[in-house]
Amino acid sequence: MNAPVSITRQPVVALVGNPNAGKTSLFNALTGSRQKVGNYPGVTVERKAGRLALPDGRSAELIDLPGTYSLTPRSPDEAVTRDAIFGRIAGERPLDAIVAVVDATNLRNHLRFVLELKALGLPLVVALNMIDLATRDGIGIDSARLGALLDLPVVETVAVRRRGLEALGAALAARIGDTPPALPQERPSDVRALQKQARQLAATVQTSTGSAKAWSQRIDAVVLHPLAGPLLLAAVLFFMFQAVFSWAEAPMGWIEAGVAALQAELAAALPEGWFLSLLNDGVLAGVGAVVVFLPQILILFLFIITLEQTGYMTRAAFLMDRLMARVGLNGRAFIPLLSSFACAVPGIMATRTIDSPRDRLTTILIAPLMTCSARLPVYAVVIGAFIPARDVGPFGLQGLVLFALYLAGILGALVAAFALRRTVTKGAAPPFLMEMPKYQWPALRDVGLGLYGRATAFLQRAGTIILASTIVLWAMASWPQPPVGANKPAIDYSLAGKIGAALEPAFAPIGFNKEIVIALVPGMAAREVAVSALGTVYALNDVSEDNAGSLIERLRSAWPLPTALAFLAWFVFAPQCISTLAITRRETASWRWPIFMFSYLFAAAYVAAGITYHLALAAGL
Amino acid sequence: MTTSALHRPIDALAVGEVALIAAIDRAGLDPGTAQRLCELGFDEGVDVEILHRAPFGGDPLAVRVGNMVVALRRDMARLIEVEP
Numbered sequence: 012m013n014a015p016v017s018i019t020r021q022p023v024v025a026l027v028g029n030p031n032a033g034k035t036s037l038f039n040a041l042t043g044s045r046q047k048v049g050n051y052p053g054v055t056v057e058r059k060a061g062r063l064a065l066p067d068g069r070s071a072e073l074i075d076l077p078g079t080y081s082l083t084p085r086s087p088d089e090a091v092t093r094d095a096i097f098g099r100i101a102g103e104r105p106l107d108a109i110v111a112v113v114d115a116t117n118l119r120n121h122l123r124f125v126l127e128l129k130a131l132g133l134p135l136v137v138a139l140n141m142i143d144l145a146t147r148d149g150i151g152i153d154s155a156r157l158g159a160l161l162d163l164p165v166v167e168t169v170a171v172r173r174r175g176l177e178a179l180g181a182a183l184a185a186r187i188g189d190t191p192p193a194l195p196q197e198r199p200s201d202v203r204a205l206q207k208q209a210r211q212l213a214a215t216v217q218t219s220t221g222s223a224k225a226w227s228q229r230i231d232a233v234v235l236h237p238l239a240g241p242l243l244l245a246a247v248l249f250f251m252f253q254a255v256f257s258w259a260e261a262p263m264g265w266i267e268a269g270v271a272a273l274q275a276e277l278a279a280a281l282p283e284g285w286f287l288s289l290l291n292d293g294v295l296a297g298v299g300a301v302v303v304f305l306p307q308i309l310i311l312f313l314f315i316i317t318l319e320q321t322g323y324m325t326r327a328a329f330l331m332d333r334l335m336a337r338v339g340l341n342g343r344a345f346i347p348l349l350s351s352f353a354c355a356v357p358g359i360m361a362t363r364t365i366d367s368p369r370d371r372l373t374t375i376l377i378a379p380l381m382t383c384s385a386r387l388p389v390y391a392v393v394i395g396a397f398i399p400a401r402d403v404g405p406f407g408l409q410g411l412v413l414f415a416l417y418l419a420g421i422l423g424a425l426v427a428a429f430a431l432r433r434t435v436t437k438g439a440a441p442p443f444l445m446e447m448p449k450y451q452w453p454a455l456r457d458v459g460l461g462l463y464g465r466a467t468a469f470l471q472r473a474g475t476i477i478l479a480s481t482i483v484l485w486a487m488a489s490w491p492q493p494p495v496g497a498n499k500p501a502i503d504y505s506l507a508g509k510i511g512a513a514l515e516p517a518f519a520p521i522g523f524n525k526e527i528v529i530a531l532v533p534g535m536a537a538r539e540v541a542v543s544a545l546g547t548v549y550a551l552n553d554v555s556e557d558n559a560g561s562l563i564e565r566l567r568s569a570w571p572l573p574t575a576l577a578f579l580a581w582f583v584f585a586p587q588c589i590s591t592l593a594i595t596r597r598e599t600a601s602w603r604w605p606i607f608m609f610s611y612l613f614a615a616a617y618v619a620a621g622i623t624y625h626l627a628l629a630a631g632l
Numbered sequence: 006m007t008t009s010a011l012h013r014p015i016d017a018l019a020v021g022e023v024a025l026i027a028a029i030d031r032a033g034l035d036p037g038t039a040q041r042l043c044e045l046g047f048d049e050g051v052d053v054e055i056l057h058r059a060p061f062g063g064d065p066l067a068v069r070v071g072n073m074v075v076a077l078r079r080d081m082a083r084l085i086e087v088e089p
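First to last, the sequence lines map onto chains A and B. The first sequence begins at 12 in our numbering and counts up one residue at a time. The second sequence begins at 6 in our numbering and counts up one residue at a time.
To be clear, the hints were calculated from the coordinates, so they are not data collected in a lab. Only a predicted model underlies this, so the values are computations on that prediction, with no experimental measurement involved. Just so it is clear, CB atoms sit at the ideal spot from N, CA and C, and this is done for glycine as well. One should not assume that every hint holds.
[What the hints assert, rightly or not] Across the chosen pairs, the derived CB separations fall in these ranges: (1) Val51(B) with Ala130(A): 21 to 31 Å; (2) Ala17(B) with Ala430(A): 13 to 23 Å; (3) Val51(B) with Ala254(A): 55 to 65 Å; (4) Val51(B) with Ile266(A): 49 to 59 Å; (5) Ala261(A) with Ala17(B): 48 to 58 Å; (6) Phe97(A) with Leu25(B): 16 to 26 Å; (7) Arg83(B) with Lys47(A): 46 to 56 Å.
Whenever a hint applies, use it, and build me the whole structure from the sequences.
Below is the structure:
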């Protein structure tokens, strides 16, 4: 047994490396599920930390810093890495050691960064990662010689297969002392000189050069083909959205049945009264209506995480660049925008990889137009209620309508970007430079951990913000109670009913009824709350005392078709999401942009819903 | 930096043609972009090859530089010259 070391000081180790060096895979392999995802104070850069057990019995805090090409940042994301290394982040302890993660198949470019890191003088271990892919490509590397020439420990690793992890831990343990090293000083470095040195170093230690990524080039011949490429991209996106609906059907049924069974249990076990109503009509009807969409959200993220890991996402950005350039953006904006299909919050956070401030602001402002997963519950309920489940050719009509709604969001975003780039974010188009990494099989563990993180974040929201707003709405919709002998639905006498009635005239021209207006108010907290709010409103609205009907059946009897279509059109633009506005406030460091975002989205939503409603009326629907 | 009339911009290369970088017009770029270009491996004497031109007008380009593939637009590609 090792002697107990000081338990008060846990050394801090950071993973640093170029984007696409396999840093996150290495982080996942080293920490497993013992990781904590948070934020750095003041900035919204994700702070991923975990516990790393060292072979000598000590344990270190391992931090996964954002990927960067050098210590000269070009984007806010890269600035975090520099600031963490130089100990400039408030509340962060200085680093005890750095693991420089190097892609063995791209030695010369990654070694340049290692040389830059070495000059800092901090304890440094080089993880020569993806050594198996180098071997596959016929690239031979004499890692012992590389270590000798660099005068640094070099450990061969294959993060996705957990190879080399123990050796890496041992090398780290040998370099971490009992007292933290002095903070490094920032010194200007000559990139070209380092680059030249790295090229010579790589040439010396490479025993064979191999065929440079022959595999990736063969795949790219199809994926980036002028005709096949765009068709494949369209097919991938179309398949993704169809899958979101069809694969999720069964698990959603199970969740619905589970919630219904729980409601029946409670109804049987508890006496009739406000407490039962709170649990059944408030908590279970409200939270249940949101949790039921967990399968769809997980499927969407499964696609996004997998596409990112394989390297396809940057190909999509390449294909989309021309289109994005026409509206004044660049291909890089495609990745945050695609992430916004899951949720605008991580999407807006992902804009930190965009180096031009104007492009970044434009991307942030249009990100909420991408149909986020919070809108899926709304779309799903309304489509389920009003669009017949029949087939049009090989596709389901419901899926096609959903696809059209996604398309409407994308077109809206392109128009908005075009208009913004000519007005509020006017300025020169910045240069577009993007590394296109080699293709890789997605690692099950990395996809799994990514999905686990998304699922817990979603359930946390359901358990906190959505639960709280559901209870508040239930209370507002239940009190004051109707007088004895009242003949109208109980909700008409409640506070929520009165607010709805007051606002109704403003929304009547676009076909919204009082129940919709009531549901939109708590929907400010999060878009999907609108569904739980409708669930609560209609559950309490039910005068027939027949609580058996699902929300879909209730809507079908309560809304005319033009209202349903107008509601869908509203949600293409729907400005209401506190989290998005809050993240915009943080990322742009002013109230100006969130207020601007809310106003323009509100106006667009109102106009779109109005046009849809009146067109539908005119068409006799 | 010597810019000979014999040099061609990489934009003029055919897909699949390999050439060595002769000169980079760093003055035509902002310092940050010039540095990032270097960090991505663009430097005098390094081998480059155009792998793909994007659909809808051939812009941007996918360029192999050393062992790395980088996407860049044609206006920047014109600032990078290769030996004939």
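To see whether the hints hold, each was checked on the structure:
Checking the proposed 21 to 31 Å range against Val51(B) and Ala130(A) shows it holds: the Cβ atoms sit about 23 Å from each other. Judged by the Cβ atoms, the range 13 to 23 Å given for Ala17(B) and Ala430(A) is violated: they are separated by roughly 36 Å. Range check, Val51(B) to Ala254(A): Cβ separation about 42 Å, and the 55 to 65 Å hint is violated. The hinted range of 49 to 59 Å is satisfied by Val51(B) and Ile266(A), whose Cβ atoms lie roughly 56 Å apart.
Here the CB-CB span from Ala261(A) to Ala17(B) is close to 56 Å, well matched to the stated 48 to 58 Å. Restraint check, Phe97(A) to Leu25(B): a C-beta distance of roughly 37 Å breaks the suggested window 16 to 26 Å. Checking the proposed 46 to 56 Å range against Arg83(B) and Lys47(A) shows it holds: the Cβ atoms sit about 47 Å from each other.
Checked against the numbered hints given earlier, the structure breaks hints 2, 3 and 6 and satisfies all the rest.
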